[in-house]
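Peer 1: Given next are the chains, with one letter for each unit.
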Amino acid sequence: MNEPLLEFLRVTKEFRETAEPVVLFRDLDFALQSGHSVSLMGESGTGKSTFLQLAAGLDTPSSGAVLLGGREISSLPEKDLNELRAQGVGLVFQFHFLLKEFSVLENVLLPAWLAGTPRVKATKRALELLEQVGLSARQGHFPAQLSGGEKQRAALARALINDPPLVLADEPTGNLDERNAALVQDLLLRLVVDHHKTLLLVTHDKVFAGRTDLSYRLTAGKLERS
Amino acid sequence: MNAALGFLASRYLVSRRKHRGMGSSVSSFVGLSAGVVVLNSVLSVMNGFQLTYIESLMEVSSSHIRWSTAAPHQEALRALEGVPGVVAVLDETESQSLVSTEAGGERGAVVRGFPPGALTRDRGLAAHLDWESGGMPQMGEVALGSALAHTLGAYLGGTVRLTALTGAGFSLLAPTTLEYRLAGTFSTGYYDLDATWVILPLAEALAGLAGPQDRLVAIKLKHPEDASWMRIKLAEATGRPPGEFRSWDEFNSAFYGALRTEKTSMMVLVGLIFLVVGANLYFSQKRAVLEHREDLALLRATGTSASRLRLVFTLEGLTVGTSAAVVGTLAGWALSLALGSLGLFSSEAFYIPAVPARMVVDEVLAIAVACIASATVAAGLASAQVLRVAPGEVLKHA
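Top line first, the protein sequences correspond to chains A and B. Residue 0 is where the first sequence starts when you use numbering that gives the first Met the number 0, and the numbers rise one by one after that. Residue 0 is where the second sequence starts when you use numbering that gives the first Met the number 0, and the numbers rise one by one after that.
Watch out, some of these pointers could steer you wrong.
Across the chosen pairs, the derived CB separations fall in these ranges [claimed, not checked]:
#1 A/His203 to B/Leu386: 27 to 35 Å
#2 A/His194 to B/Val368: 47 to 55 Å
#3 A/Val119 to B/Leu364: 33 to 41 Å
#4 B/Val368 to A/Arg118: 28 to 36 Å
#5 B/Leu274 to A/Ser33: 56 to 64 Å
Keep in mind that the hints were calculated from the coordinates and are not lab data. If you're wondering where the values come from, they're calculated on a predicted model, not measured in any experiment. All residues carry an ideal CB built from backbone N, CA and C; glycine is no exception.
Produce the complete structure using the sequences and hints provided.
Peer 2: Shown next, in the form of structure tokens:
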């Protein structure tokens, strides 16, 4: 079997802000093979989002190691970590986090442009992605002029602008109505397949979770296949 | 820094102005511009007055280099004229006297004896002696500063008496009074000279009012700013000790020192506006960072480093500071020109015919740099807030 794209090795995460430390998970092992799509379910507060943030290098484990592409994220110097965030993962959140002062096209191309891709090239790629998410006609609009579903589709396009091997999605349809949620789910899964991406999806939606290759449940700090 | 950061900064700046009208960046811009305008115009007027005084003193009173010597030989004068960089050498006298007129006025005065052809030989002197009536005195004649003539009630063609103590030694000093016809009144632009100066032909001065100790040689240079080291060359040319030669800035050092202190104090006081506006910008930029914390969290999560994001907010300060410096400098320049031509002061009520205003390039640059630096440093310090944005926390709890 190939080396996993994402790997958790005996990862413990605890919060010590209170007198009694809160342990989210202890000595957790997890591996995600390249090209697979995996969903992670669990009740609120079990640490699903923290799990995803550890995978994205936005948080550090209390002990253990998180490896992305064979490199331990928490030991990376700042410069390499930024590069990994830019090129290694694409993030989609429950809230779109589009920059309100920028048009849809600018929102999509900014991560690439800031990462050093020439603007013309970044714009070309952003336009292609906007076409794939059905927002070509809305490229000049600002986030305030879009519906919730459209904002989330723009966020999907933004997540793929740097062509990252891994897409991390944290309840991407959590804020959407049924019809828009279905639309975004279809789109996310189709884009992951079309672009040969690996997907780690956090969701409360069993149906959505059932559409991924593997499904896990995080319960009381333990990962269980479901 | 790449263009994307500049794009981000400019969009934030424009957007904040658009959504908040007279936002903090605009008020900072206005404050800084006002500071630059005030500093430039105040200093230009101070420069105008100071340079007028300095030029008058330098060209008329002290000359560029003054050589105090009891009896200069023609040979020494010729040697001085032969030194490269020397444009005029005048054998003169400077003594004290009591001046009175038929109208009954009396005043203490400085009597300067100028050699024949002084105005043609020394163009600087000629340029700064503005003859309000008459002209340079001939034998038997005298010229008075305009303010002195006015005080004494002297009139052209009238009699002016000069009284001085003369004699070989202190115990033999006796008053000598000589009468002259008033041939002209002059103005130098510096009241103290116009109120105390009397000009006589050198021969007249030496004949009755000035002794050997009152002799001096006034030397003018092509470049007055070279005076301090030209003294040495002149001393070598004459074979005299350098201590006998005094440069214009040395001769008037107390006065120039006072002018410099006055200007520095004014710069510091008015310059405090940059501190106040800088503080305003600092707090507004801190607020801007907080307002954009979700954007910043997302941009950091997508790989933009905190230091580059700090640049976005620092750039805003740089933009505000640079725009204020450019606009303020241009407006200050226009105001300085206007002050010189508006005739704010009546020449009848005040001694000055117009407000002199001169902008000095070094000072204009220093003010612009201070303006840009205060805004940039304030924004740069405020941008440290970016480091406090923990992307994971913000994105999780938004």
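Peer 1: Of the numbered hints stated previously, which ones are contradicted by the structure, given in increasing order?
Peer 2: No hint contradicted; all consistent.
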